[in-house]
Every structure is written in structure tokens, then in C-alpha cells.
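Whenever a hint applies, use it, and build me the whole structure from the sequences.
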Amino acid sequence: MTTEVLVHVRPGCPFCDMLRSNLKRSGLKYRELDIWQDPDAAAAVRAAANGNETVPTVNVGSTWMVNPSIHQVLAAVKAEAPELLPQK
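The sequence shown begins at 1 in our numbering and counts up by one.
Keep in mind that the hints were calculated from the coordinates and are not lab data.
Check the hints yourself; a few may be wrong.
Stated by the list, open to error - Result set (SDA-like, lysine to any residue): computed pairs, CA atoms no more than 25 angstroms apart in a straight line:
{"hint": "1", "residue 1": "K24", "residue 2": "C13"}
{"hint": "2", "residue 1": "K24", "residue 2": "G12"}
{"hint": "3", "residue 1": "K29", "residue 2": "P11"}
{"hint": "4", "residue 1": "K29", "residue 2": "S62"}
{"hint": "5", "residue 1": "K29", "residue 2": "E4"}
{"hint": "6", "residue 1": "K29", "residue 2": "H71"}
{"hint": "7", "residue 1": "K78", "residue 2": "E4"}
Claimed, not checked - What follows is a list of derived Cβ distance ranges for each label pair:
{"hint": "8", "residue 1": "Q87", "residue 2": "G12", "range": "29 to 39 angstroms"}
{"hint": "9", "residue 1": "D40", "residue 2": "N67", "range": "18 to 28 angstroms"}
{"hint": "10", "residue 1": "A79", "residue 2": "G12", "range": "10 to 20 angstroms"}
{"hint": "11", "residue 1": "S69", "residue 2": "T3", "range": "29 to 39 angstroms"}
{"hint": "12", "residue 1": "N52", "residue 2": "Q87", "range": "20 to 30 angstroms"}
{"hint": "13", "residue 1": "I70", "residue 2": "T3", "range": "13 to 23 angstroms"}
{"hint": "14", "residue 1": "R31", "residue 2": "P82", "range": "12 to 22 angstroms"}
{"hint": "15", "residue 1": "P82", "residue 2": "W36", "range": "17 to 27 angstroms"}
Computed from a predicted model, the values in this text were never measured in an experiment.
Here a beta-carbon is modelled for each residue, glycine too, at the ideal position from N, C-alpha and C.
Put into C-alpha cells, the structure is as follows:
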């Protein structure tokens, strides 16, 4: 199974918008999951965030991060799936 960057979001979340903008600027490919539309994604976020639906929550391999910075996301990708890092 291929590791991917999963970004859990919800509509109207300014922190999600900020992370999305930084991810696009970085060139990192990711898949976005709307926790209001995907019950499994919402359950995964609750498991990672102590029962809360805090977004953005990012999953890379075995690493889960609640409201991470772009630097934290890139560090997790480097550790878990360096092949996903954008080529410079």
C-alpha cells in the first residue's frame, strides 16, 4: 500500500485554508477529506484528537498531527514517505 498525505478538513475552517495554501505552495501532493461528508474520516480525526473533531488533522503513514504547521507536515513526510517530497 502506498503512503499518502491525508488532510482532514471541514468547510469554513480558516486553519484548514491556511494549511491548504501552504501545502499548495510547497508542491506537496495530498488528498483532502471533508469530515462533514465522510464519517470514517471524522472518526479517524476523533481518534487522533482525543475525541474532538479538530481540523486540520493530517495523517502521513503512522503519524497523525492535529493543526500542524507546514514544517511539521513536511518533516513527517520526510520521515514516513520521503518519496512524496516535491523535487527541487
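Hint check:
1. K24 - C13: holds (17 angstroms)
2. K24 - G12: holds (18 angstroms)
3. K29 - P11: OK: K29 and P11 at ~20 angstroms, within 25 angstroms.
4. K29 - S62: holds (18 angstroms)
5. K29 - E4: holds (8 angstroms)
6. K29 - H71: holds (15 angstroms)
7. K78 - E4: holds (12 angstroms)
8. Q87 - G12: 29 to 39 angstroms: At roughly 34 angstroms between Cβ atoms, G12 and Q87 fall inside 29 to 39 angstroms, so the hint holds.
9. D40 - N67: 18 to 28 angstroms: Since D40 and N67 have Cβ atoms about 20 angstroms apart, the given range 18 to 28 angstroms holds.
10. A79 - G12: 10 to 20 angstroms: Because 31 angstroms falls outside the window, the suggested range is violated.
11. S69 - T3: 29 to 39 angstroms: For S69 and T3 the Cβ distance comes to about 20 angstroms; the hint is violated.
12. N52 - Q87: 20 to 30 angstroms: violated (36 angstroms)
13. I70 - T3: 13 to 23 angstroms: Check passed, 18 angstroms falls within 13 to 23 angstroms.
14. R31 - P82: 12 to 22 angstroms: With a Cβ separation near 18 angstroms, R31 and P82 satisfy 12 to 22 angstroms, so the hint holds.
15. P82 - W36: 17 to 27 angstroms: About 32 angstroms separates the Cβ atoms of P82 and W36, which means 17 to 27 angstroms is violated.
Checked against the numbered hints given earlier, the structure breaks hints 10, 11, 12, 15 and satisfies all the rest.
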